[in-house]
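Q: Residues per chain are reported as follows:
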Amino acid sequence: MGQVSRRGLLVGLASGAVASTFSITASATIVRALSLPALVQGSRRIVVVTALASESHFEDLGRRRRIVTDTRVRVEEGVAKADGVDSELLVRTLGGSVGRLGERVHGQAQLVLGEPCVAFLLRGPDGLHYFNGMAQGHYPLRGSGATSRQLARSGDLPEILDFNSSAVKALVGSELGSAGARIRALIAP
Amino acid sequence: MKRAAYLGAAGLLAALLSAPSAQAFCRTTTCDPNKPADKCQLDANRCVLAGKPLAWRSSCVTVGVQTIGSPKNGLSFDDVAPVVEQAFGAWMQADCGNGTPSIEVHMLGAIECGVSEYNSDVGNTNLVLFREDDWPYHGAESAIGLTTTRFDTKTGDLWDADIELNGYSARRLTIGDPIQGDDLLSVLTHEAGHFLGMSHSPDQTATMKAIYDPGSDGANFRSLAADDIAGICSIYPPGRKAASSSCENRHGFSAQCGVDQTPPNESKGCSLHGGAVGAGDTPASYAGLLAALVGVVGVRVARRRRIV
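These protein sequence lines map, in sequence, to chains Y and L. At position 178 of the first sequence (counting the first as 1) the number is 178 in the working numbering, and the numbers step up by one without a gap. At position 82 of the second sequence (counting the first as 1) the number is 82 in the working numbering, and the numbers step up by one without a gap.
Same shape as in the complex, but just chain Y:
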C-alpha cells in the first residue's frame, strides 16, 4: 500500500450514487517527430485506403483493458511497399466506444468513412495493421483527380516535438503523385 490508502475517500460520496453510467474516455499525446525517411522505412505498407466500416471492442493492452477500433479499409492504390497487398485490410486504432463506455486518444489517425487517405501502416504481432506514428502516418487526401489530390494534415495530430524535421511538414500540401515519388525514392532498390 502506498502512502495514501483510503484516506482520500469519502467526502460527498452521495453524488456517486446518482452519477450516470454513460462514459467515454479521451487521451492526449505528445510525440517525437518521425522524419519522412524514418516513417517510410518503418512502415510495412504505404497505400491509399478508404475506410469502409468499423467496430470497437475491448482488448488487453498493458495489463488493462482498453477500447480499440478496427476499421476495414479498401486499398485504392499502392504508393510503396504494396506488392501483394490484399484488397482490404483491417486497421486498428486506439479508442472508440463499446456500449455505454468509450475511449478516445488524441493523436490517433481519425479515419472518416468514405474518405481516402494515404496510410503508412505497421503490421502488429496480432496480424492487424496500425498507423505508424499514429496521426503522423495518416494523410487525408483533398481534391479529386489523379493529379490534383493533395495530402492534408490528419485531423487530430498530436503534439509533435521537432516538427521541422517531421514527415508531416514534408508531406502536408504535397500532391499525391510527387509525394509518392519522394516516398519511393527513399526505399532502397
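Treat the hints with care, since some could be wrong.
Derived, one-sided and incomplete: chain L residues facing chain Y with beta-carbon distance under 7 Å [unchecked claim]:
(1) D32
(2) G114
(3) V115
(4) E117
(5) H138
(6) G139
(7) A140
(8) S142
(9) A143
(10) I144
(11) G145
(12) V187
The set of hints was computed from the structure by calculation and includes no laboratory data. For every residue, glycine included, the Cβ atom is placed at its ideal position computed from N, Cα and C.
Position chain L against the provided structure of chain Y, taking the given hints into account.
A: Relative to the frame of chain Y, chain L by itself:
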C-alpha cells in the same frame, strides 16, 4: 433608454476586451473523432464542434503520483511530485481578470497502483505514472506522454484522468534541463491542460499548441499563454456554481489497482469493491449507492495539499 442600451453594449464590449482575449483554444468534447461513424464536425481551427465540452463539474479534483517515480530517468517520487504540482499550479493560478479558475487540484501522496485504468465499480485515482517495462501501443512508440480522461457522454462530466509518461521507448525526461532531454515540466503542463478539459490550440504561442520544437520553444510550455488562460477561464470561470465541492473520485478513491480491490460480490461489509472497467459499466450505480451510504457517515478527506 436608447443611450442606456448603447452604454450597456459598450460596457459589455469593454468587459469582453478586458478579459483574456485570445479565443483560438479548443475544448475536448464528448464527440468521438476516432469513431468514423460519428463524423465529428471540425471548425477551421480543427476544433471539434459537436458534442458537449468536458469539464470537472466539482470545484475540486485530486491527482496522485506513482510511488516508484521513474528509475530509468533517475527520478524518485519526491522528484516527480513537485513537478506535477507545479504543472497543475500553472493552470490554477491563471489570472482570469476577476479571479482564478474555479477549480482546485489537490495533490495526493504516492500511489501504489502503476497502471492507467478506470474501474466501474471500485475506487479510482487520477494518476501520473511512468511506464518503463512496456509501452503497449503499437505505432505509438514515439509518444512521450499520453493522457487518458474518462467522462460522461451524456453530460461531459469528467470522471477520471491519468497521465502516462513513456519511460520505455522515449527520450530521457529531465527536470530543469530541457537541453539534455525532454522537459518534464513542459510535458506535464501541456498534459495537465488536457486533464482539465483543454484540447489542442492552433495558437502557436499556446502551451496547448500541437507542435512543439524544443530547439525554439525551450521550456516555454512551462507557463501559460493568453490563449491557454482564456481557455481555462472559459471552462472554469471564477464564481462558477460548481455541482459539488467534493474532491472524491468517481466510485471512491483507492490507491490500489482495481484487481487488488475486493469485488462487490465478495464484500463482507460496507465498502467499495471492484473489478476492471466493463462494457456496460452498469455496476457503477450499485457501487455509487454503497459509496453514498458510507459517505453519510461523514468520513473526512485526509491530508491533502492544495496545489495553488
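Q: Hints first: check each against the structure and report whether it holds.
A: Results for each hint:
no.	hint	verdict
1	D32	5 Å, holds
2	G114	9 Å, violated
3	V115	5 Å, holds
4	E117	5 Å, holds
5	H138	4 Å, holds
6	G139	4 Å, holds
7	A140	5 Å, holds
8	S142	5 Å, holds
9	A143	5 Å, holds
10	I144	5 Å, holds
11	G145	5 Å, holds
12	V187	6 Å, holds
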